[in-house]
Amino acid sequence: MAIKDSPAPADRSEPIIVVDSVSKSFGPVTVLSGVSLEVTRGSMVAIVGRSGSGKSTLLRCMNALEEIDAGTIRVCGHNVDMADRATVRRLRDDVGMVFQSYNLFPHLTVLRNITLALTAVQKKSKAEAETVARRVLGLVGLADKEAAYPEQLSGGQAQRVAIARSLALNPKVMLFDEVTSALDPELTGEVLKVMEDLATGGMTMVLVTHEMGFAKRVADTVVFMHQGKVWEAGPPEKIFADPQTPELRQFLSSGL
Amino acid sequence: MAIKDSPAPADRSEPIIVVDSVSKSFGPVTVLSGVSLEVTRGSMVAIVGRSGSGKSTLLRCMNALEEIDAGTIRVCGHNVDMADRATVRRLRDDVGMVFQSYNLFPHLTVLRNITLALTAVQKKSKAEAETVARRVLGLVGLADKEAAYPEQLSGGQAQRVAIARSLALNPKVMLFDEVTSALDPELTGEVLKVMEDLATGGMTMVLVTHEMGFAKRVADTVVFMHQGKVWEAGPPEKIFADPQTPELRQFLSSGL
Amino acid sequence: MNTFSTGHFFYLIEAARWTIVLSLLAFAGGGILGLVLALCRVSENRVVRFLATIYVQVIQGTPLLVVLFLSYYGLSIIGYNIDALLAAGFSLTLYTAAFLGEIWRGCILSVPKTQWEAANCIGLNRAQQYYYVVLPQAVRIAIPPTVGFMVQIVKNTSLASIIGFVELTRAGQVVNNSTFQPFLTFVFVALIYFAMCYPLSLASRYFERRLKVGN
Amino acid sequence: MVSYVFNFSFLERTWTQFLMGAGQTIVLAGSAIVLGFILGVVCAVLRTGGGRVASTIVGAYVEVIRNTPLLVQIFIVYFGLPTIGLRLSAEASAIIALAINTGAYSSEIIRSGIESIARGQLEAAECLGLSRVQVYWHIILLPAIERTYPALCSQFVLLMLASSITSQISAQELTAEANIIQAETFRSFEVYLVVAVVYLGLSILFRAALHLIGVLAFVRRRRLGTPL
Amino acid sequence: DALADIRERGEIAIAIDLGVPPWGMLDADLKPAGADVEIATKLAEDLGVNLRIVEVTGPNRVPFLLTNKADIVVSSFAITPERAEVVDFVPYSVNRLIVFAPKDIEMNGLEGLAGKNIGVVRGNLQDTELTKKAPESTILTRYDDDATTIQALLSGQVEGMSAPYGIYLNLAERFPDQNLEPKADVVQQPLGIGLRQNEPELKAWLLDWAEKSHADGSLNEVFEAYMGGPLPDLTSEFELVRASLQ
Ligand SMILES: Nc1ncnc2c1ncn2[C@@H]1O[C@H](COP(=O)(O)OP(=O)(O)OP(=O)(O)O)[C@@H](O)[C@H]1O
Ligand SMILES: Nc1ncnc2c1ncn2[C@@H]1O[C@H](COP(=O)(O)OP(=O)(O)OP(=O)(O)O)[C@@H](O)[C@H]1O
Ligand SMILES: [Mg+2]
Ligand SMILES: [Mg+2]
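Protein chains in written order, with the working numbering: chain R, 1 to 256; chain H, 1 to 256; chain Y, 1 to 215; chain L, 1 to 228; chain B, 1 to 246.
Chain R with its partners taken away, still in its complex shape:
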C-alpha cells in the first residue's frame, strides 16, 4: 500500500496488518469471502462500499471481535485468533477501535470513560490519566463536557468521546468505524486534522467511511468493498478518478 513520507524512523514498507483470504458467514449469510489486504505501518486506509458490504465486519475481524471461518489475519505481529486469549490481550494493547455505535459506558462520566483504561490497563496515576483525558477531550472540542454522562450528550458529542477514548490510549493501530458520521463539516475537519497529526506520528489507521470527500482527502489507500470482497483498491486519485469496475463507477456516480 502507499507510503506517506514522514519523519518517523520506523521501517515504513513493512506491513503491520496482513489479512489473507479471510471468509466469514453468519449462519447462511456470507459476509466476507476471500478478503485479502495489507496495510503498511503509518499509512491511512479508507474502506468504502455500500451498506451491508461487510466493512464493519472486516474491522471487527481484525480486532478479534468475530471468529473468522477461513484465512488468517496478522496485526502488529500477533496472529489474530479469538480463541487464543493471551494473544488477544496483547493485541488489544496495540490496537484501538471506535465503534459505529459508540458503545460508551453509560454508568461512567465522560472523563471516567476515557481515564478507565489509562488507569486500569496502562497503570497511569489518576492525575496523569486525567491530564491525558483532558488533552484529548480538548482535541475533539469537548473540554466542557467531562462531567456529563453519555445520555446527556448529543450524537456528535458521543461520537467524539468515543474517538477521544481510543486516542487517549495511543495505540499503534486505530480502527475507525464511520467515525465522522454524526459530525458536522466543521468538526469533521477538526477530527481530520487530529488524524493527520497521528499519522505523521507513525500511527496506522484503518477507517470505514461513506463520505468520499473525507476518504479522498485523508487516505493513502482507498479500498472499495462489494459483496464481501475487496473489489478495487488503490491510491485515492486512481480510485476516484479512474474506477475500473462498473460497480465502483455506479457507487461513485451517485454522490451528491
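Hint data in this document are derived by calculation from the structure and do not stem from the laboratory. All C-beta atoms, glycine included, are put in the ideal place defined by N, C-alpha and C. One should not assume that every hint holds.
[Claimed, not checked] For each label pair, taking beta carbons as the anchor points, the in silico distance ranges come out as:
1. H:Arg85 x R:Lys229: 48 to 56 Å
2. Y:Arg209 x R:Asp144: 25 to 33 Å
3. B:Ser244 x Y:Thr6: 45 to 53 Å
4. Y:Val47 x B:Ile139: 51 to 59 Å
[What the hints assert, rightly or not] If we take Cβ atoms under 8 Å as the criterion, some of the chain H residues that face chain R in the derived model are:
5. Arg50
6. Gln157
7. Met212
8. Trp231
Following the hints, complete the assembly by docking chains H, Y, L and B with the ligands onto the known chain R.
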C-alpha cells in the same frame, strides 16, 4: 418559509408547524433559547449547525419528547404540551420521527418492527400491514432482511429500517434526525428520491443533517442553528451562497 | 394454659436474635459464594460452567430443610459431630449462594454484548471488564431481586428449628401452643419479621435511586 | 461414631404415597405460579405506570407481603377468611396464599426489568403512536421478563419448595405425605433423603418446563442462539 | 454404656417438645412446664444428676436422640411396633385420645363420625387410629400440630377434632362459649421414654425407675394434674419390656 409547487390541493401557505420563542435547559445547560420557526405544509426544512447546537433537542420538543421551559409549539393544529396526554396521542398520529440512534425494538424482527404500529395503532389487518411493510422495505432496499433482528443488521441497514418504520405510517409531518449519517452516497441518493416523492405527495418534512450537499439539494429552507438559537434561515441558495453571519461563514468554510 | 403476655412478647424478641444471626451468616457466606458462582456460570471455561450449573441445579432443587437436616444429623451419623451453628451457617451459605448466583447471572447477561466488546477493545482484562464495566451496570437491575431474596432468607431461617434453634417462628409456635392465641401470637411474629425485613426494602429503594444517576 | 443402619424397606409400602404427594405439589405449585406470575405482571405494570394511587397501593401490598412470613399469610387466608364468611378448602387457600406471595416477589423482579428498558425504546414506541397499554404490551413486557427470567425462575422454584409449608393447614402435598410416613416409621433420615430426591426431581422438572416456556416465548433468543 | 456416661457427666440431656401442651409447654413465666417436664425433672433427681432440657420439635425428636444430641426423649412418644424398630421404649404414661366437638353437633361414638369432618394432627396416633377405626365416610383433615387443629375447630374449618383428653379439658375451660364436649373415645395408647437401642444398662435403670414411680403413685400424680383422671395400669407394658431385656 418557501413553498414548493406541487399537485396537492391543500392550502400550502398555511404553517403546519409553528415554534414560538421556545427555550429549554437541562439543569444549568441552556440548550434552546428563544427559538422561533414556521414550517409550511408540504415543505422540506433542513436544520444544520454544529454538534451540540440543539438540533436534536428542537426536533424532540416538536414531538413532545421534551418539556419546554418557555414558548409554544403548534404542530398540525395540536398545542404541543407533554402534560396533555390526549393531545400528545393525537399529535403522534400526525407526526413521524426517525431517531439519530434508530431505537429499533431489539426483540422484534425487522418486519414486526414495521408492522407493529400499523396493526396496533392503525388497526390494519396483519396481511395488509405486511404488504405495506414490504413495500417500504423495498423502497429502502432491504426486502431481503425482513426476518432479521436488529442486532443482525449493519449500521446503514438499521438506519434504513428506522426510516421505513416511520414511512410506513404515512404521517402528515416527518421529523428526521441525521437520517442519512450511516448511509453511503448511493443509498443517500435513493433515500433522497423517496423523500422528494413524499414531499410531492404533500408530506411536510423537517430534517437535521450535517451533509451540506444533501441539505442544498433537498431543502426548500435551510435553518442554521447556533448556540441554541436560529442564527440564520432562508432558501438554500441564499444560505449557502451568501451567509450573513461570520458563524455561518465559518461553519460552511470548513466543508470538505 | 396461660394468656399472651408481655413476657411472651419478650420471649419472641429474644428468639428473633437467632433469626438475625442466622440471616447475617446467610448473607455473608451466600453473598461471597454466590458472586463466585455467578461468575462461574458465565465463565468461558466449559468445565467450570458445567460444575456451577450442577451445583445450582442440585442446591436449588433441594429444600433448605433437607439441606439443614442432612448437614447436621447426616454428618453426625457418618461420624462428624458438628456444631449446630456451623451446620446452619454452612447450609444457609450453600443455599443462598445457589439462588443469588442464579439471580446475578441473569443480571450479568443482561448487559449488552457491545459493552463487553468496548471494554475488551480498550484492553481491559476479564476481571477488569467485570469490575469496571459489567458489574456496575448489572448491579442496578440486580438490586430488587437480590433484596427480594434476602427478605425470604430472613424468613427461611425459621427452618433452622429442625436442628434445634428456637428462632422467631419456632418461638411463635411454642408460645401459640402454650396460649392457644394464634392470631395474637402470629401478628406479633409477623410484626417482628416486618421490623427486620422492611429496612432491607428501604435500603434497596435507596440504592436503586442512587444508582440511577447517570444511567 | 453412631451406628445407624439405613433401612429403606418402608419405600415398598409407601412409594405411591410419595408419588401422590409429588403430584399434589405439582398441581399446587403449578397453579400458584401461573396465578402469581399474572398477578406479578399486573402489579409491576401498575407500579411503574399506573398513576400515583395504584402505585402506592401496589407498593404497600408488595412491602407487606414480602416482609411477613408466608405461614402467617396462609393462616390468614385459611383461618381468617371464615370469620368474614368465606370458607375455602385447604388447597384453595394454599393456592391463593402462595399466589399472593409470589405475586409480590415477581412484581418486584419484573419491575426491575421494566425499569431497565432504555428510554429511547419508549420514545420510539410513543412516536409511532402506540398507546400506553400498547407500549407495555409490545415493547416493555417481553424484554423486561426476558431480562429477569432467570430470577423469576429461581423465584418459582422457591415457591415450589415453599409450598411444603401449606401442609400446616392440612393441604395435601409432598411434605405432608412425608411427615405421615416419618411419624409412622421413625425413619427420619431415610425419609429426608427420599424427600430430597423427590424434590430435586420436581425442581429439575419445573426448571425444564420453565426453560421450555422461555425458549418458546423468547423467539429472538432462540433464533440468535443467545442462552437463556 | 450411656448410663455410666450420664453418671460421670453428672447431667442428663432429655429431649422435650415444649410445643405440645399439656405434655410440654411454657408456663406463665415462660419456664418449661407440663407433664413431660415434671416427669423428666423427677427422673433426673432420682438418678442423682442435673437435668438439661433439650428443646426439640416433633419431627426432630428421633434425630436428636440417634445422633447423641440427647440421652433420652421424654416427649409424649406413643409406642408402636414400627417405631420400636428404630428406638427402644420404656413406658411411663398413656395417651387417652378422644374426639370432641361443640354440643350442638350430632355425633355419638365412633360410628357417629360418619360424614363428619374431623381435625387431627398429621401422623400422630389419633390420625392412624381414626384412619383405622372411623367409618369410611369420615373426613380426616390433617394439621401439623394441636394449636393449628384447635384453630381449625374454632374457625369452623372442621366440625370436631381428636386430641388427648388433657387438651380437651384445657379448651373446655378456656373457651366456655364453644360448649365443647367429648364425643367418642379413640384409643388409650401407652407412651414411652425413648432411648437408643443397645443400651441395656440404661434401659434396665429406666424400667426399674418407671416401675417404682408407677407403684408409688408419683407418675399417677403428675398424670392426674394434667389429664384430669387417673393413670391406667401399666404393669402389662412393663412386663413386655422386661421380657425384651432378657
Ligand atoms: N439529557 C440531557 N442532559 C443534559 N444535557 C443534555 C441532555 N441532552 C442534551 N444535552 C445537551 O444539550 C446540547 C444540545 O444537544 P442536542 O442533542 O440537541 O445537539 P445536536 O445539535 O443534535 O448535536 P449533534 O449534531 O451532535 O447531534 C448538548 O450540548 C448536550 O450536551
Ligand atoms: N450478527 C449477525 N448475524 C447475521 N448477520 C449479520 C450479523 N452482523 C452483520 N450481519 C450482516 O452482515 C452484512 C455485513 O454487515 P456489516 O455490518 O459488516 O456491513 P457494513 O459494510 O458495515 O454496512 P454499513 O455501512 O451499513 O455499516 C450485513 O448484511 C448484515 O446484515
Ligand atoms: Mg458498518
Ligand atoms: Mg443530534
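Outcome of the hint check:
1. Distance hint check for Arg85 of chain H and Lys229 of chain R: the Cβ-Cβ separation is about 53 Å, which falls inside the suggested range of 48 to 56 Å.
2. Between Arg209 of chain Y and Asp144 of chain R the beta carbons are some 28 Å apart, a value that agrees with the proposed interval 25 to 33 Å.
3. At about 50 Å, the beta-carbon gap between Ser244 of chain B and Thr6 of chain Y stays in the expected band of 45 to 53 Å.
4. Restraint check, Val47 of chain Y to Ile139 of chain B: a C-beta distance of roughly 55 Å satisfies the suggested window 51 to 59 Å.
5. Because the beta carbon of Arg50 of chain H sits about 5 Å from the nearest beta carbon in chain R, less than 8 Å, this interface hint is met.
6. For Gln157 of chain H, the suggested interface contact is upheld, since its CB lies about 6 Å from the closest CB of chain R, less than 8 Å.
7. With a cut of 8 Å, the hint placing Met212 of chain H at the interface with chain R holds, because the nearest CB-to-CB distance is about 6 Å.
8. Hint status for Trp231 of chain H relative to chain R: violated, with the closest Cβ pair at about 13 Å, above 8 Å.
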